[in-house]
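With the hints as constraints, model all of the structure from the sequences given.
Protein chains in written order, with the working numbering: chain A, 1 to 373; chain D, 1 to 186; chain H, 1 to 104.
Everything labelled a hint here was simulated from the structure, so no lab data went into it. Glycine included, C-beta positions come from ideal geometry on N, C-alpha and C. Don't take every hint at face value.
Stretches of chain D that chain H covers, calculated by requiring three or more beta carbons in the stretch to come under 8 Å of a beta carbon on chain H [claimed, not checked]:
no., stretch
1, 28 to 35
2, 94 to 108
3, 154 to 164
The following label-pair restraints were derived from C-beta to C-beta distances [stated by the list, open to error]:
no., chain 1, residue 1, chain 2, residue 2, range
4, A, 341, D, 9, 48 to 58 Å
5, A, 279, D, 9, 36 to 46 Å
6, H, 90, A, 96, 16 to 26 Å
7, H, 90, A, 15, 56 to 66 Å
Partial list, derived from the structure: chain H residues whose beta carbon lies under 7 Å from chain D [said to hold, decoys possible]:
no., residue
8, 10
9, 20
10, 63
11, 70
12, 88
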Amino acid sequence: MSPLVAVLYIVGIMAVFGSAFALTTIAERKTLGRMQNRFGPNRVGPFGILQPMADAVKMLTKEDIVPSSADKLLHFIAPLVLTTPVWLNFAVLPFGDHVVAARFDAGLLFFFAISAASELAVFMAGWSSQNKYSLLGAMRAIAQMISYEVPLVLSTVTVVMMAGSLSLTDIVDAQSSYAFGWLARWNLFTPWGLAGFGLFLIAATAESNRSPFDLPEGESEIIAGYLTEYSGFKYALFFLGEYLGLFAVTGLGVTLFLGGWHAPVKALAWAPSIFWFAAKFAALIFVFIWARATLPRLRLDQLLAFAWRFLVPLTLINIAAAAAWHYSAWWGFQGAMATRWVLCAAIIGFPYVWLGRSLRGGSPALRKYTYAE
Amino acid sequence: MLSNLPFLSCAVLTLLAAIAAMTLRNLVHCALCAAASFAGLAAIYLQLNAEFVGFAQILVYVGAVAILIVFTILLTHGSDVKAGEPVRSSSLWTGLGVAAVVLSALVAPITRSASLWLLPSANPQAPVAAIGRVLMTQYVLPLETIGLLLTAALLGGVVIAMREKPARKTPTKPSRAPSRELSHAA
Amino acid sequence: MNIPLAHYLILSALLFSVGFAGAILRRNAVVVLIGMELMLNAANLNFIAFWRFGPHPEALTGVMFVIFSIAIAAAEAAVGLALVIAIYRHRHTVQVEQIDALRG
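Take a look at the structure:
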């Protein structure tokens, strides 16, 4: 790849995802507002569109306060160590037909490696602030992130199994044909893909520290967790890093489960592939915002129990379901497809119900209401 | 010389980070410098065409082992080092001497062998498909053994680090001890 | 990239001796384990360098060895650090010079 194309990719990715960050902040606040039966910010510009500008000005002009007993060097470089690897994540995502910055043989592994590398920055931020709440928030955040890395990676194992390659472009190519002549063969439209997508979404929400898994930075819980002692531009950098991480993992979800840049129906395949990627990306971001508006926050021990005792066994069972799907593909009798779906759904469904019951501690008892008489 | 710059810079970074990891007083700084040296090594693996190994190095060492070390430092209150205490053992020069002997024993054959100083000719690749195939055919026994080893290490680590409850005689539920640890850590 | 094999081997030897010096000189058990990880990493670098420059790289022997070595080193670090935590609970110290009695 010539240096000019490389520079174009870099500039393009930074421009697109930088403005996506600004747009997402305002879109999230307005969507959250509407779901909570109120307007979001609507003062700055028409419908509040210019709110990110106001936020940027505020962040940049705020005084940068560093605690006197803080570890100055670590406190300074923690936001940088967080934000720098996150940009690398976008290098392997295929945004369109032949629009991918770096074709690695092990692209998916590169993605997960970079996601894992940015966790140390959270610890650096929390520890260098020399603040009880920061350290506690940092430990919780790291425990959450490493716990949810396991279901995140395991839920993608089925996709890799079926596509036969770790390269993201190959995975998108494996979802390229159209079944029945019109419906796309996205991984979402298979039982293991559906379950895997659900598990991936949950794990991705937790990896990005978003609600309902935002205990490490929940304002009502622990002040701001590891971000307590950060103000001004460094806080903006953390914010940016977090949202970029969300975008990266959303892009990965689109690539792995939603068919990447392929159109959903063959009739619409004339639209540019980048448009389809952007549309699916936006839809998935909306799902994340929707989950934030709807679900209450999980406590730390609930969170960790959910990861280790529910998600990890389900992801492993999902692999078995994918194997069952693959090895029953030669069935040709009447109603074979329905049978395969039922079989795979049963393989995933029974453990799901059983594990869910065990986590809840049995089926819930009928609530006894008492009224003040 | 300029074409050697990637290797030279990564090598210097790795070495300096390793020396810093072994000499710094503050334990958390040690752990973070060690993570930096692991990352430098991953860059060198990538330059040697071992893509899979480089990414695995980042994922495992920087993303897991470094965090493990940091957690242990925090759980053993290593960051409360008293000011006047020496960090090194009293036999500093003996230790350095032994390390120098080890270094010379390793470097001497390298400098004496002529074939090691030739420039590379072939350019081998390690595609992931080939690694997978070899792993599943020729190295399947080590693979299964590693699975067993990792399971044993996982269970062993949890059991060893679990906080014992003095009053109970029956074994308790497998640990949510990490989370309880964390909430009492500060 | 025209770097002969010897440069990688010398880097590996230097890393190994740095890790070795730290492992035998530092007092804190966790730093000893960090030194040990550095030594393992140096050996891994050696393997990859010899795989790259040696005969029959298509057999992927060096790469396989390093993959297993990384896995084993991670498991070993986990168990070792768990032991350090357990020792800290009993002795309230992780200075290796003070953990010198096989008392029950």
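Now the hints, each set against the structure:
For the stretch 28 to 35 of chain D, the stated coverage by chain H is satisfied: 3 residues place a CB nearer than 8 Å to a CB of that chain, which reaches the threshold of 3. Using a Cβ-Cβ cut-off of 8 Å, 9 residues of the stretch 94 to 108 of chain D lie near chain H, which meets the minimum of three, so the contact claim holds. With 7 residues having a Cβ less than 8 Å from any Cβ of chain H, the stretch 154 to 164 of chain D passes the three-residue criterion, so the hint holds. Between residue 341 of chain A and residue 9 of chain D, the C-beta spacing of about 54 Å keeps the proposed range 48 to 58 Å intact.
One distance hint, 36 to 46 Å for the beta-carbon pair residue 279 of chain A and residue 9 of chain D, holds here, with the actual separation near 42 Å. The hinted window of 16 to 26 Å between residue 90 of chain H and residue 96 of chain A is violated, with their beta carbons roughly 60 Å apart. Between residue 90 of chain H and residue 15 of chain A the beta carbon distance is about 57 Å. The supplied range of 56 to 66 Å therefore holds. Residue-level restraint check for residue 10 of chain H holds (minimum Cβ-Cβ distance to chain D is 6 Å; threshold 7 Å).
Against a cut-off of 7 Å between C-beta atoms, the interface hint on residue 20 of chain H holds, since the closest Cβ of chain D lies about 5 Å away. Given hint, residue 63 of chain H at the interface with chain D, holds; its Cβ is 5 Å from that chain's nearest Cβ, closer than 7 Å. For residue 70 of chain H, the suggested interface contact is upheld, since its CB lies about 5 Å from the closest CB of chain D, less than 7 Å. Annotation: residue 88 of chain H was flagged as interfacial toward chain D, and the flag holds, the nearest CB pair being 4 Å apart, inside 7 Å.
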